[in-house]
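Given next are the chains, with one letter for each unit.
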Amino acid sequence: MMTLIEGRGIARLPFAPPFLKAGKVVIAQTANILLYLGTRLGLAPRDEAGRLWVHQLQLTITDLVVLIHDTHHPITGYLYYEEQRPAAKLATKYFWRHRLPKFLRYFERVLQKSGGPYLLGRKLTYVDLSLFQIVEGLRYAFPKKMKRFERKVPRIVALHDRVAKRPRIAAYLASPRRIPFSQWGIYRYFKELDA
Amino acid sequence: MRYELYYWPTIQGRGEFVRLPWRKRAPITSTWRGEEASAAFPR
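Residue numbers (my numbering), protein chains in the order written: chain H, 14 to 208; chain U, 391 to 433.
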């Protein structure tokens with residue numbers, strides 16, 4: 014992996030994992046990888062407008078992921094959480110008061126307009142799986158806050174539950190292949206941030 | 391086409407957003423060079 018990151022033997026450098034090597038092509042950035050894989054996995058529309066719509070939603074998820082990470086590391090990733098705890102408390106306060114509601118209510122509206130149960134309507138796409146992962150992560154990092162908030166976004170919760178019941182997803186989640194949440198990932202649990 | 395996904399093997403990270411859709415169906419060869427080898431992308 015480091016050989017690729019350092020650029021030995023490839024012309025188009027990935028910035029960081031995850032990245033996909035597809036034959037001789039190296040594709041980096043999560044949303045970009047999914048844009049490439051979407052139709053190949055049968056998880057995106059074939060028409061251009063549809064593909065761009067899913068990609069647009071995925072880019073919005075990308076923005077949200079950064080905000081989630083910044084609740085526990087709002088100043089820099091080079092300092093420990095304990096070294097930026099007051100800032101983390103403040104960031105978390107405004108994240109839950111303004112930013113998260115804005116994002117999740119947006120996805121709730123998209124679901125309302127699509128008619129559900131998925132973001133594009135009746136057909137599952139990769140961004141539904143990403144929204145599922147957002148809910149899973151928020152439940153891990155902020156169990157109390159998320160429990161209270163979920164009643165405000167019933168369509169997202171229904172989507173989450175529907176995805177979780179899909180046989181292959183359920184099998185994957187129950188398997189050791191699913192890496193557990195931890196205190197080293199995007200989502201981290203700190204009791205004082207979930208107060 | 392040979393596909394290889396590179397991600398940090400010890401955390402879900404952003405790689406999980408790519409690993410999840412691959413759960414649904416794995417019609418193409420997928421490999422992971424490293425300690426998680428065949429476990430990462432079973433066909």
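It should be emphasised that the hints constitute simulated quantities derived from the structure, not laboratory data. Just so you know, not all the hints are guaranteed correct.
For lysine to aspartate or glutamate, the following EDC-like pairs were computed, each having C-alpha atoms within a straight-line distance of at most 20 Å [as the list claims (entries may be wrong)]:
no.	chain 1	residue 1	chain 2	residue 2
1	H	K106	H	E95
2	H	K106	U	E394
3	H	K178	H	E163
4	H	K106	H	E96
5	H	K158	H	E96
6	H	K37	U	E394
Ranges between beta-carbon positions, derived for each pair [stated by the list, open to error]:
no.	chain 1	residue 1	chain 2	residue 2	range
7	U	W398	H	L80	47 to 57 Å
8	U	R392	H	A24	11 to 21 Å
9	H	I88	U	W398	36 to 46 Å
10	U	W398	H	A187	19 to 29 Å
11	H	K160	U	P399	23 to 33 Å
12	U	R392	H	L92	15 to 25 Å
Example chain H residues on the side facing chain U (calculated, C-beta under 8 Å, incomplete) [as the list claims (entries may be wrong)]:
no.	residue
13	P30
14	L56
15	P58
16	H68
17	L72
18	T73
19	S127
20	P130
21	Y131
22	S195
In this text, a Cβ means the ideal position worked out from N, Cα and C, and glycines have one as well.
Hint check results:
no. : hint                           : result
1   : H:K106 with H:E95              : 17 Å, holds
2   : H:K106 with U:E394             : 40 Å, violated
3   : H:K178 with H:E163             : 18 Å, holds
4   : H:K106 with H:E96              : 18 Å, holds
5   : H:K158 with H:E96              : 24 Å, violated
6   : H:K37 with U:E394              : 11 Å, holds
7   : U:W398 with H:L80: 47 to 57 Å  : 21 Å, violated
8   : U:R392 with H:A24: 11 to 21 Å  : 19 Å, holds
9   : H:I88 with U:W398: 36 to 46 Å  : 22 Å, violated
10  : U:W398 with H:A187: 19 to 29 Å : 22 Å, holds
11  : H:K160 with U:P399: 23 to 33 Å : 31 Å, holds
12  : U:R392 with H:L92: 15 to 25 Å  : 40 Å, violated
13  : P30                            : 5 Å, holds
14  : L56                            : 5 Å, holds
15  : P58                            : 14 Å, violated
16  : H68                            : 13 Å, violated
17  : L72                            : 12 Å, violated
18  : T73                            : 13 Å, violated
19  : S127                           : 19 Å, violated
20  : P130                           : 16 Å, violated
21  : Y131                           : 13 Å, violated
22  : S195                           : 6 Å, holds
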